[in-house]
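J.: In case you want the letters, here they are:
Number of protein chains: 2
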Amino acid sequence: MELHLFDKQVYADRRQVLKQNIGHDGIILLMGNEDSSMNYKDNTYLFRQDSSFLYYFGLDTHGLAAIIDTDTGEEVIFGNELTIDDIVWTGTLPTISEMASMVGVGETKPYDQVIHFIHKAITSGRPVHILPPYRPENKIKLAAWLNTSLADLAKYVSVKLIKAVVGQRVIKTSLEVAELEKAVNVSVDMELAVIKHTRAGIKEYELVAKAHEVAIANNARLGYPAIITTYGQTLHTHYYGNTLQEGRMVLSDIGAENAMHYGGDLTRTFPVGKSFTSRQKELYNVVLDSMDHAISMLKPGVRYKEIHLAACQKLVEGLTDAGIMKGDAADAVEAGAHTMFFQCGLGHMLGMDTHDMEDLGEQYVGYTDALKKETSIFGLKSLRLGRELEAGFVLTVEPGIYIIPELIDRWQAENKYADFINYDVLNTYRDFGGIRIEDNFLITDTGSKLLGKYLPKTLEEIEGLKG
Amino acid sequence: MELHLFDKQVYADRRQVLKQNIGHDGIILLMGNEDSSMNYKDNTYLFRQDSSFLYYFGLDTHGLAAIIDTDTGEEVIFGNELTIDDIVWTGTLPTISEMASMVGVGETKPYDQVIHFIHKAITSGRPVHILPPYRPENKIKLAAWLNTSLADLAKYVSVKLIKAVVGQRVIKTSLEVAELEKAVNVSVDMELAVIKHTRAGIKEYELVAKAHEVAIANNARLGYPAIITTYGQTLHTHYYGNTLQEGRMVLSDIGAENAMHYGGDLTRTFPVGKSFTSRQKELYNVVLDSMDHAISMLKPGVRYKEIHLAACQKLVEGLTDAGIMKGDAADAVEAGAHTMFFQCGLGHMLGMDTHDMEDLGEQYVGYTDALKKETSIFGLKSLRLGRELEAGFVLTVEPGIYIIPELIDRWQAENKYADFINYDVLNTYRDFGGIRIEDNFLITDTGSKLLGKYLPKTLEEIEGLKG
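Going line by line, the protein sequences match chains A and B. Going by full-length UniProt numbering, the residue at position 265 of the first sequence is 265; the numbering climbs one at a time, nothing skipped. Going by full-length UniProt numbering, the residue at position 155 of the second sequence is 155; the numbering climbs one at a time, nothing skipped.
Check the hints yourself; a few may be wrong.
Chain copies aren't distinguished; within one or between two, either way the pair holds.
Claimed, not checked - Simulated crosslink set (DSBU-like; lysine-lysine; CA at most 30 Å straight-line):
1) Lys-449 - Lys-381
2) Lys-160 - Lys-41
3) Lys-160 - Lys-381
4) Lys-453 - Lys-120
5) Lys-299 - Lys-139
None of these hints come from the bench; they were simulated from the model.
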């Protein structure tokens, strides 16, 4: 089988930078992932390697771990060679040392030797830097290796290592941007297939089938569970059993993750039938205006939180024109009234992970020591990216309007935001659903660049696809 | 959203039988599954509920557990109600108590109350029966609840509960057979789509894409990772990057798991081009003869191990006719020489799990106290089913011939089975690949019944599909 890798020097260079950033300060332990079981141990989900492991060590197979000794410079990959049973059941692979040499690592050891390296470091009083584990099997292993309890494991997570890894991964190189463009291009083809297949009478899962078909036929997978729904107000619904009805819209939020594990993340909202209704058109253009305004603000030095708030204000202005909101738009956003319609954030970092590096902590990825992430304000607590943009960031822009009946009922009962929301009018939209439009951008020295092929997004262009 | 359930009485009856079989003997704890993370906590694989939980409690949502008190008859489902954040992000669901009542359970509690029920039982000296956990997050929870270490958890697994659960689940009711037939029918459509799409020059993953498309468009999923390969000798390969070449075959082992989580498990082997070569035809018919012979033996009272060995002998006879093997066929099977070509078992139980109940232990599912599973004999150690067949069993029949160059090299170097294998001839088949043919059967009172629609399996029928 074929391993998908950059040149070995890419990985060696990345590790060199990491070592420089950590300084002479003990050992770095990076955990690869295991296979995850579905309904019994050997029936496993499609393997997904840890992204930081991929970034520094590239190898996309289960059962690996790696150590970088920042004092000696030593780099070791730990893994077990295949047995004849493995070969009979799952085929041949290069040996561990052959694979290691493909990513510029000269030293390999059996997997169970990791613990000796860790104990040696601990015994000699040297730090062991780990990233926050998100898989339970890695938590179990780390707790055993570090001789601590699962409950205390969080204390061993190295903020220094998190910051060093984020600092590198957050700036995408041209090699990475090329992979991201490939992934976005497949994502565009997935969206086109879904839009063209949409018609009244079929089930949402028939559209999900198209998305998977296009992704897999391009040697990719879905980077995150498809959101393809006629109830677009549910931000992350993964239920696909509804029948499409003329007059309603479909929201399709899908992205391909390619063989190198870089991903796209696109959303389009389109009519089940050939054309949008006038109400749909009106609110669609509110979202589109908000999006275009946000895109126009993308450039280094601007805080994404500012762009988010500006996009929110555009949404409020449009909703006010539509008679659903009222009062001063800036005041409404200040008060948080827009969160009746836009409960989440404008976008997030994108890379190997759809929410790039979310496992390392949104505070470290999307914010800075000077700009803390809100943790309790509805709306802002879901803004994953707030910090000043820098050239090399890759991110999503994805405003939306979501009409959530349960939220209307709760907040109307509390008379919440009554100065800004025309509840009488809003209640006539209860069954509207939701609209989101999302594209992916690279921050350049002077502004931004749309990643991948252009995917139709105006009303006319979308209706044209359905003609 | 819609929950896929049998009538509530079905679940109540199943639990009643379980209680009777356990007697007054403490509490039974059944763990539901959690979402499994891919590359960060909130990016999850498609949820798969535990099959025994589905069998007794039906509910196909994450974050549930259930207790059956065999002394008092009390049944409790533990789970947490949705918050408004859950509703905004993932939509509405019935409440826990609404869901519980759909499966005939009157009592529900918040999830963190499980531990109190367990501690109460332990304190009063009553047993807590658990099944073997296969998911690491459930291991972590169970160890905490039972106040033991992960290493000692296995001691708490209840063989009595395993045997009671297997005893019920192994006999499929007509309701279950109907679901299995639906799943097999979708699996047949998947195979037909894959076969018809196969042509020289495309990649294996383009066929995988078709399998997923058909499954998902039928509100199903793949019950296990697709094996679609032009290197069919690798029994469970999940690499799909090879280009299909005229003259080679494709082995496609795929199965749909439907909305009720019953699954099919089919395999066909077919030419990349329009027709098989004469060598392929010869060995294909060896496998088909072995399969037909095995099917003719399916009936209550016959040990599946006997059928396996009879099928092996048929394979050896055919391989002898082809000049690849030699000597007495029965002696060859007795010696194990057939395992050069057929390294695995003839089949396995099929139900909600592809290898049904494999999490409960193959010894308990496929064998009996009187008939122990072999653990070290190559070939037999991979025979998942050996016991006497009973009416109501559902199983696969899947003989094959697999030409594994690495195995030839190892065994020829050892002169292994030299009395039975013509290594000179065999080496001319090194690049042959593998052939497997697999269908699913219900054991009836008098014999067996093919599950689902007939999927072409003779040479002529297969070539007819490619015409």
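J.: So, for every hint listed, does it hold in this structure?
T.: Here is what the structure says about each hint:
no. : hint              : in the structure
1   : Lys-449 - Lys-381 : within (27 Å within a copy, 58 Å between copies)
2   : Lys-160 - Lys-41  : between (35 Å within a copy, 21 Å between copies)
3   : Lys-160 - Lys-381 : within (24 Å within a copy, 49 Å between copies)
4   : Lys-453 - Lys-120 : neither (51 Å within a copy, 62 Å between copies)
5   : Lys-299 - Lys-139 : neither (39 Å within a copy, 48 Å between copies)
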